[in-house]
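Student: Put chain R on the given structure of chain E with help from the hints.
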Amino acid sequence: MKFQNKLPYLLLAAFTLASCKTQDRYAGVDGDFINGVPLPDRQDGASFLGGNVAKGSFQPVQFGYDSDKVADSEMGKVEAVALAMRRSSADLIIAGFTDQRGTEEYNRGLGEQRALAVRQALIAQGISGGRIQTVSFGEELPADPSGSESAAAVNRRAEFGVIR
Amino acid sequence: MKRTTPPRNISRAQAEAVSSAGMRRRKLAAGYLLRLPRYTLAGWLLFLPLSPVVAEEAATITVRKGDRVSLAVTPLGGSSGDAVTSVLRHDLDLAGWFQLVPEARASYLVGGSASGGALQGKVTDSRGSIVLAKTYTGSHREVAHQFADDVVETLTSNLGMATTKIAFVATASGSKEIYLADYDGKNSRRLTSDESISVAPSLGPGAAQLAYTGYLGGYPDVYLIDLASGARKKVVSSPGTNSGAAISPDGRGMALTMSKDGNPEIYLTSLRGGSARRLTRTRGVESSPTWSPDGRQLIYSSDEGGRPQLFRIAAGGGASRRVGGGFAYCTDPSWSPDGKKVAYTVRSGGSFSVAVMELGGGGGRIVASGQNPVWGRNARHLIYNLGSNLNLLDLQSGRITTIVSGLGKVSEPTWSH
Numbered sequence: 002m003k004f005q006n007k008l009p010y011l012l013l014a015a016f017t018l019a020s021c022k023t024q025d026r027y028a029g030v031d032g033d034f035i036n037g038v039p040l041p042d043r044q045d046g047a048s049f050l051g052g053n054v055a056k057g058s059f060q061p062v063q064f065g066y067d068s069d070k071v072a073d074s075e076m077g078k079v080e081a082v083a084l085a086m087r088r089s090s091a092d093l094i095i096a097g098f099t100d101q102r103g104t105e106e107y108n109r110g111l112g113e114q115r116a117l118a119v120r121q122a123l124i125a126q127g128i129s130g131g132r133i134q135t136v137s138f139g140e141e142l143p144a145d146p147s148g149s150e151s152a153a154a155v156n157r158r159a160e161f162g163v164i165r
Numbered sequence: 003m004k005r006t007t008p009p010r011n012i013s014r015a016q017a018e019a020v021s022s023a024g025m026r027r028r029k030l031a032a033g034y035l036l037r038l039p040r041y042t043l044a045g046w047l048l049f050l051p052l053s054p055v056v057a058e059e060a061a062t063i064t065v066r067k068g069d070r071v072s073l074a075v076t077p078l079g080g081s082s083g084d085a086v087t088s089v090l091r092h093d094l095d096l097a098g099w100f101q102l103v104p105e106a107r108a109s110y111l112v113g114g115s116a117s118g119g120a121l122q123g124k125v126t127d128s129r130g131s132i133v134l135a136k137t138y139t140g141s142h143r144e145v146a147h148q149f150a151d152d153v154v155e156t157l158t159s160n161l162g163m164a165t166t167k168i169a170f171v172a173t174a175s176g177s178k179e180i181y182l183a184d185y186d187g188k189n190s191r192r193l194t195s196d197e198s199i200s201v202a203p204s205l206g207p208g209a210a211q212l213a214y215t216g217y218l219g220g221y222p223d224v225y226l227i228d229l230a231s232g233a234r235k236k237v238v239s240s241p242g243t244n245s246g247a248a249i250s251p252d253g254r255g256m257a258l259t260m261s262k263d264g265n266p267e268i269y270l271t272s273l274r275g276g277s278a279r280r281l282t283r284t285r286g287v288e289s290s291p292t293w294s295p296d297g298r299q300l301i302y303s304s305d306e307g308g309r310p311q312l313f314r315i316a317a318g319g320g321a322s323r324r325v326g327g328g329f330a331y332c333t334d335p336s337w338s339p340d341g342k343k344v345a346y347t348v349r350s351g352g353s354f355s356v357a358v359m360e361l362g363g364g365g366g367r368i369v370a371s372g373q374n375p376v377w378g379r380n381a382r383h384l385i386y387n388l389g390s391n392l393n394l395l396d397l398q399s400g401r402i403t404t405i406v407s408g409l410g411k412v413s414e415p416t417w418s419h
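The listed protein sequences derive, respectively, from chains E and R. Using our numbering, read the first sequence as starting at 2 and increasing by one per residue. Using our numbering, read the second sequence as starting at 3 and increasing by one per residue.
Here chain E stands alone, though its shape is the one from the complex:
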């Protein structure tokens, strides 16, 4: 998401300067460079909690505390999913989860951000974003409900579900 060159930055700076006399009007537009890749429409009846999504085929991607970064050490898991998706036409739901060390609504956002980060990593591997849905459960449905330090690390994850 970093700037590849300075042109858009300069254009926006120019735009901002030009609009300086108007009162606090925002210079951005929808679809600007801050967007991720938009999500595809949901598929009828395909839910991560439903029977039509196969779970457990791939290892979950783990995350650091309060982080949505896919660590280099986790990239092997993403690559395994990318390989399988290239060989199949099945679509994917990525579900993001957090530990219980944040407030509930923030964790819902953070879980979504983790799912989206894994989706972005798959897109970087050449998989179409149109094949990948995301969902966040925040701190619900912990993989390990014990509340220990190691449980928290296990719970910070993104799981893969294959839509049948």
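Simulated from the structure, these hints should not be mistaken for lab results. It cannot be assumed that every hint is accurate.
[Unchecked claim] A few chain R residues that face chain E, going by a derived Cβ cut-off under 8 Å, partial list only:
#, residue
1, Ser-195
2, Asp-263
3, Leu-270
4, Glu-288
5, Pro-310
6, Ser-371
7, Asn-374
[As the list claims (entries may be wrong)] Pairs of lysine-lysine residues, derived as DSS-like cross-links and limited to a Cα-Cα distance of at most 30 Å, are as follows:
#, chain 1, residue 1, chain 2, residue 2
8, R, Lys-188, R, Lys-236
9, R, Lys-411, E, Lys-56
10, R, Lys-136, R, Lys-343
11, R, Lys-342, R, Lys-136
12, E, Lys-56, R, Lys-236
13, R, Lys-167, R, Lys-136
Ideal placement from N, C-alpha and C gives every residue a C-beta, glycine not left out.
Tutor: Coordinates of chain R only, in the frame set by chain E:
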């Protein structure tokens, strides 16, 4: 007026102070802030000595007993007199404005009679002159609450809270469901029976409607319940996550987090759903929007700079501006109904605290252990959750009253205005 650029070593707090003094700042992307200030040198000097204020102490503001109006509640007559008297005493006690004393020492006497679904309430001063006389109809709790609010408004000119409602998440049934109750936690009932995950409730004005996040369809979607009829509709079910709706003060729209465009951002939409207008655009997670009382601005939490912090943005769109919470982890803001303060959750040292900050400046101060604070409509009380309890905090006296317990784990309260 001179135009120049700010010095490189400007601190964030100073930048904010200047920005709130009329300087314009436009956020273009994460980490790229292009500032176009317009100010005088004198304006600069005025704000340079400011530094971030971090407060960790508990609230120390207390009200002496003498500052409160002394009241005596004489037992009400009539067949439901006892039941109404009990609720009325509790309401006037929790209100915080009164000292309940024996008749002989009271400045005002509260009394009347109640029977057959009607209450005739009366307030007299110490000379026997009638200050308030009014008839109410409804259940014994309803009439007591209405009378209590009229007593508060007549004697103190403040808004009463006794007729307001709260909603919250509780796990008593085995799954997270939404509950509705009177402001004092009594008269509670379960609103949802989804046996899924039902969370993040938001009551609209007058408790006419309630929005919440439900996972009934396998994804977090926003549902709206009309509380008079009980009718429920799914109103936002875009791809990805839709959560944390906050109904606007006029009861016509809502702000929420949506991820359909590939990032969790704040959007505005009507209560009927339909097209959503995107407000924020960062690489971070935006969540928990709260409306200013006039509905023209929002405060929300964003972790675009690392840990979550509070930001403020116009509902019409534009640049966002950081609101200094004074702590490394600030979430779940609630804008006070007088517009002057924001309450929020702080995480530090592995535990959660409730903090309050004056929006005019200064850092936040911790007022209680717990999380998810929401304001009552008088801007004097907060309700928040701590473990399996919901607590009511009177910020003026520091008094804490547990209003909900025994319903499993309780979280995410909302309070109607």
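Student: Given a cut of 8 Å on the nearest C-beta pair, is the interface hint for Leu-270(R) held or broken against chain E?
Tutor: violated, 13 Å
Student: Tell me if the straight-line CA distance from Lys-342(R) to Lys-136(R) falls inside 30 Å.
Tutor: violated, 33 Å
Student: Is Lys-411(R) close enough to Lys-56(E), meaning Cα to Cα at most 30 Å?
Tutor: Holds. Lys-411(R) to Lys-56(E) sits at ~29 Å (cutoff 30 Å).
Student: Sort out whether Lys-236(R) lies within 30 Å of Lys-188(R), counting only the CA atoms.
Tutor: holds, 28 Å
Student: The hint names Asp-263(R) as touching chain E; please verify it with the least Cβ-Cβ distance against 8 Å.
Tutor: holds, 5 Å
Student: A closest beta-carbon separation below 8 Å is what the hint needs, so does Pro-310(R) meet it against chain E?
Tutor: Holds: closest Cβ of chain E sits about 6 Å from Pro-310(R), inside 8 Å.
Student: Take a quick look at whether Lys-136(R) and Lys-343(R) sit within 30 Å of each other, Cα to Cα.
Tutor: Judged against 30 Å, a Cα distance of about 34 Å means the pair is violated.
Student: So, Glu-288(R) near chain E? Judge it on the closest CB pair being under 8 Å.
Tutor: The hint holds - Glu-288(R) has a Cβ within 8 Å of chain E, the shortest such distance being about 7 Å.
Student: Hint Asn-374(R) vs chain E: min CB-CB distance below 8 Å?
Tutor: holds, 7 Å
Student: With a cut-off of 30 Å on the C-alpha distance, tell me whether Lys-56(E) and Lys-236(R) pass.
Tutor: This hinted pair holds, its Cα atoms lying about 27 Å apart.
Student: Close enough to count: is the Cβ of Ser-371(R) nearer than 8 Å to one in chain E?
Tutor: Where the cut-off is 8 Å and the nearest Cβ of chain E is about 14 Å from Ser-371(R), the hint is violated.
Student: With chain E as the partner, please determine if Ser-195(R) meets the hint condition of a C-beta pair closer than 8 Å.
Tutor: At 17 Å from the nearest chain E Cβ, Ser-195(R) fails the 8 Å test, so the hint is violated.
Of the numbered hints given earlier, the model fails hints 1, 3, 6, 10 and 11; all others are met.
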